[in-house]
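Trainee: As you go down the protein sequences, you meet chains A and B in turn.
Under our numbering, residues 1 to 462 are what the first sequence spells out, in order.
Under our numbering, residues 1 to 460 are what the second sequence spells out, in order.
In short, the hints are calculated from the structure, not lab data.
All C-beta atoms, glycine included, are put in the ideal place defined by N, C-alpha and C.
Some hints here could point you the wrong way.
Away from chain A, derived, C-beta distances all over 10 Å, residues of chain B [to be verified]:
id	residue
1	F117
2	G249
3	V290
Computed spacing ranges between beta-carbons, pair by pair [as the list claims (entries may be wrong)]:
id	chain 1	residue 1	chain 2	residue 2	range
4	A	S451	B	G422	15 to 25 Å
5	B	G422	A	D390	26 to 36 Å
6	B	E120	A	G344	51 to 61 Å
7	B	E120	A	R445	48 to 58 Å
8	A	E83	B	D278	42 to 52 Å
9	A	S185	B	G422	55 to 65 Å
10	A	S80	B	E120	51 to 61 Å
11	A	P262	B	R219	46 to 56 Å
12	A	M440	B	Y457	34 to 44 Å
13	B	Y457	A	R295	47 to 57 Å
14	A	Q288	B	E383	49 to 59 Å
15	A	D136	B	D278	53 to 63 Å
16	B	E120	A	R18	30 to 40 Å
17	B	A194	A	S451	29 to 39 Å
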Amino acid sequence: MSNESQLIFEEREDQIHRKGEQPYRLACDRDSLAGAVSQRACVFCGSRVVLYPIADALHLVHGPIGCAAYTWDIRGALSSGPELHRLSFSTDLQEKDVIFGGEEKLHRALIELIDRHGPKAAFVYSTCIVGIIGDDLAAVCRRVSKEKELPVIPVQSEGFKGNKRAGYHAACKAMFELVGTGDVSGISPLSVNILGDFNLAGEIWIIREYFQRMGIETVANITGDGRVDDLRRTHGAALNVVQCSGATMDLAKMMQEKFGTPFIRVSYFGVEDMAESLYAVARFFEKQDSNVLSRTQELVHEELSVLLPQLKEFRQALRGKKAAIYVGGAFKAFSLVKAFRLLGMKVVLVGSQTGTAEDYQELHEITDEGTIIVDDSNPLELSSFLKEKDVDIFVGGVKERPIAYKLGVGFCDHNHERKEPLEGFVGMFNFAREVYTSVMSPVWRFVPRRSRTLAEERFAGS
Amino acid sequence: MSDYSSPYISTTNACKLCKPLGACLAFRGIEGAVPFLHGSQGCATYMRRYIISHFREPMDIASSSLGEKHAVYGGEANLRQGLQNVMKKFGARLVGVATTCLTETIGDDVPMILRTFKREMAEQGTAHQDLPAIVNVATPSYSGTHMEGFHAAVRAVVEQLAECPEDAGRSAAVNLLPGFTSPADVRYLQEIMADCGIPVIVLPDISETLDGPALDDYRKIPDGGTSLAEIARMGCSRATIELGRTLFGHESAGRLLETRFQVPLHRLGVPIGLRESDRLFEVLQLLAGVETPEKHVLERGRLIDAYVDGHKYTFGKGAVIYGEEDLVIGLTSFLLEIGVKPLLCASGGKSGRLREAIEDVNDSILPELPIIREGVDFYEIAEEAESLSPDLLLGHSKGYHLARRFRIPLIRVGFPIHDRFGGQRVLHLGYRGAQELFDRIVNALLDAKQEASPVGYGYM
Ligand code: SF4
Ligand code: SF4
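If we strip away everything but chain A, and leave its shape as in the complex, we get (with noise of 0.2 Å):
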């Protein structure tokens, strides 16, 4: 691998890890590094994952356009009701507030905003040079919610402040300002709220008709479909059911201080993962209700018994196909790994962007000898490994795409912007079918990593 090597930072080199090779040990959680094409956003993008699907809010970005601007519904983050989240808001800076401060011009957009949309709540996002320029957010946000006696939340996400997980970490405390100001009389002992999931292709609702099946009540998706009532009531669930690594986490951490609502970590991907979860709601309910677990039961069986033989012909194609895994967070991973272990294929190579120690010991568990494990990645890297394992099938984000496409390897995209659900046991399903149907094309014979060139055609053909 003497390329490979030059191909990687030196810096870089404990954040990799192929297993088998050495006794595992994995750098994470670092600061990007100068110079290298990370693939990693930055807080603001973190806060905005996280926020962006709570459709009936306000969602302004104090900054300059940019930031607005590229997250400008990009997500197929679903609502059922209103889609004031679909829009982008922007106090579009220029440079007279740069120098003079902007606080005036967001009072006076939030205030205009406000009065044109008439939303439950708004979120007021502070990006990098908010953050120079020392605008005090919290200050205009009071105000602003005084005169228009409504919620208005700052998010202290200035880009700079660390990675998308600092942003993550910025949007559970602004939503936190939320919970318990809503009235929760006459929500079910059997309830839930559900916790990161942002109901892209409408997943969350998969998801919530497997709850309801098991007689369990959901409180307030959090925040796929979400509602800012609904926000205020989640104190009045039972349970938090936490999907995701991080996105929602600390959400869940500070409910769970302030008014003992418990917590169980989930993942809806894959057959495995999503029984699993289904199981353990269950069993968290089970005292209440002794018939919760036999419903459960029944509906994953029911689940299976059609799900199973859709998958056969997809097992039997894609048979010993190798899989590569690069994706945000390392807890989508692990479902990842065991989805394709469930398809028959070989995960060759797996990593995030923002994974944390315990995320990539977990990895190292479940994956095979020879697995490249990898933290914080960029395209030369991801490009070697590609190469050197001779990938079938990419699974990342639009960032990830071009450099399968342009090596002409099968790509998954995983990331936010898909528009089939690939939760819950039909999403099973899809990602079978979104894999078969990239793994069997045609085009892969043509491509060169696999096929001779024009001139050698026609050589070989004379």
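Fit chain B with the ligands to the given chain A structure using the hints.
Mentor: Chain B with the ligands in isolation, oriented as in the chain A frame:
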């Protein structure tokens, strides 16, 4: 100047992008170049994603990844370390350093940092040929849009790299500064120049870097782009053609070549439609000293033939045109030729030249000018368009919600095209581009008519 100022404080659904994005796109059209953002990581990641979704090509943008302490104490150390990493690992021949809002606000003196950096590298014995060219451009988004960023980067490249030694004579080459067009447009311009027998230096040249072939190996930097040697020779070229009416009167790259190296400058509108394309071919004819090649005369003839064949479908239809100002001007000029009535010409940009340019291209075809709005967002465009009952929209993908709301076709042009395939191959320029646009517009109108008809005509 702009005769209109927005009644609103806030911006909703911006019709513009931020300045460094334009600079990165321009740098991407130079051979061996790595665009580098001096600022925090987030901006680079966002822009990459935005650009990738349009071109479906890898787009690396390095970043100095400033963190909190750098924001307080200055970003010099990170900038230097970042440059070294880019040199070491990308083998860049040019690093295009664009600042961001953050580094402009904290006041990093980038030109000075780079001067010191280069001097120290030289002192440490880094051979001159191993040291990439480093071009810097100031691109705070709080003044200007991605288009200002694009043009500023092109100008910075010329300013910092173009030469013309005293003894060197004029070369036969012509500089072509196309502005921000599609890779297909650039390829077509190159074809035209070759057909006219004019050696050309296109800056920037994204024809291959943002629309490349499938590869066996991942390239750290995509092949193609204007070479540094070509850029260095731009001062000796015998003429410059610069496209974009908003640049008229500006201190653009073309103007710089003219004042510093006395390279005669031909400023033209973006050649969209018949008349603006004619102007381009007139200049080429002049420079080539021969008549326009038959091939292009024929294409022109076919275009007029198509205008005639399709005139009934397009006449009197009302259109809303939005996006980058120069694109809007070109499209408006084209629509005026085919009898479509521009109702509203809108842009998030604020050059102050939109009205004048549209007056010029109207050339009294219409007695009354359309509504012209600079510096607007989609909230205002929608508000304005509501009462105009347009039949069609021309612009990028971000106006799709309008098309949906008004139930009218959107002809997707320019950047970004995030909801259709092949944005990088959309041809806008010249007779051929006009032909494609015309076919698309007529077909979209026919399609709308067919769909709306209860009869189900199979013969339109
Ligand atoms: S801070 Fe400035 S450069 Fe960065 S994304 Fe926002 S507008 Fe663009
Ligand atoms: S300016 Fe800051 S907040 Fe905005 S995109 Fe860039 S890093 Fe993120």
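Trainee: A separate judgement is required for each hint: does it hold in the structure or not?
Mentor: Structure-based check of each hint:
1. F117: Correct as stated: the minimum Cβ-Cβ distance to chain A is 12 Å, above 10 Å.
2. G249: 22 Å, holds
3. V290: At about 35 Å from chain A, V290/B clears the 10 Å cut-off, so the statement holds.
4. S451/A - G422/B: 15 to 25 Å: 23 Å, holds
5. G422/B - D390/A: 26 to 36 Å: With a Cβ separation near 29 Å, G422/B and D390/A satisfy 26 to 36 Å, so the hint holds.
6. E120/B - G344/A: 51 to 61 Å: The hint (51 to 61 Å, Cβ to Cβ) holds, given that E120/B and G344/A are roughly 56 Å apart.
7. E120/B - R445/A: 48 to 58 Å: 51 Å, holds
8. E83/A - D278/B: 42 to 52 Å: 46 Å, holds
9. S185/A - G422/B: 55 to 65 Å: 56 Å, holds
10. S80/A - E120/B: 51 to 61 Å: Given about 60 Å between the Cβ atoms, the range holds.
11. P262/A - R219/B: 46 to 56 Å: 52 Å, holds
12. M440/A - Y457/B: 34 to 44 Å: 40 Å, holds
13. Y457/B - R295/A: 47 to 57 Å: Distance hint for Y457/B, R295/A holds at roughly 56 Å.
14. Q288/A - E383/B: 49 to 59 Å: Given about 54 Å between the Cβ atoms, the range holds.
15. D136/A - D278/B: 53 to 63 Å: 57 Å, holds
16. E120/B - R18/A: 30 to 40 Å: Given a distance of about 37 Å, which is inside 30 to 40 Å, the answer is holds.
17. A194/B - S451/A: 29 to 39 Å: Since A194/B and S451/A have Cβ atoms about 31 Å apart, the given range 29 to 39 Å holds.
Against the hints set out earlier in the document, no violation occurs for any number.
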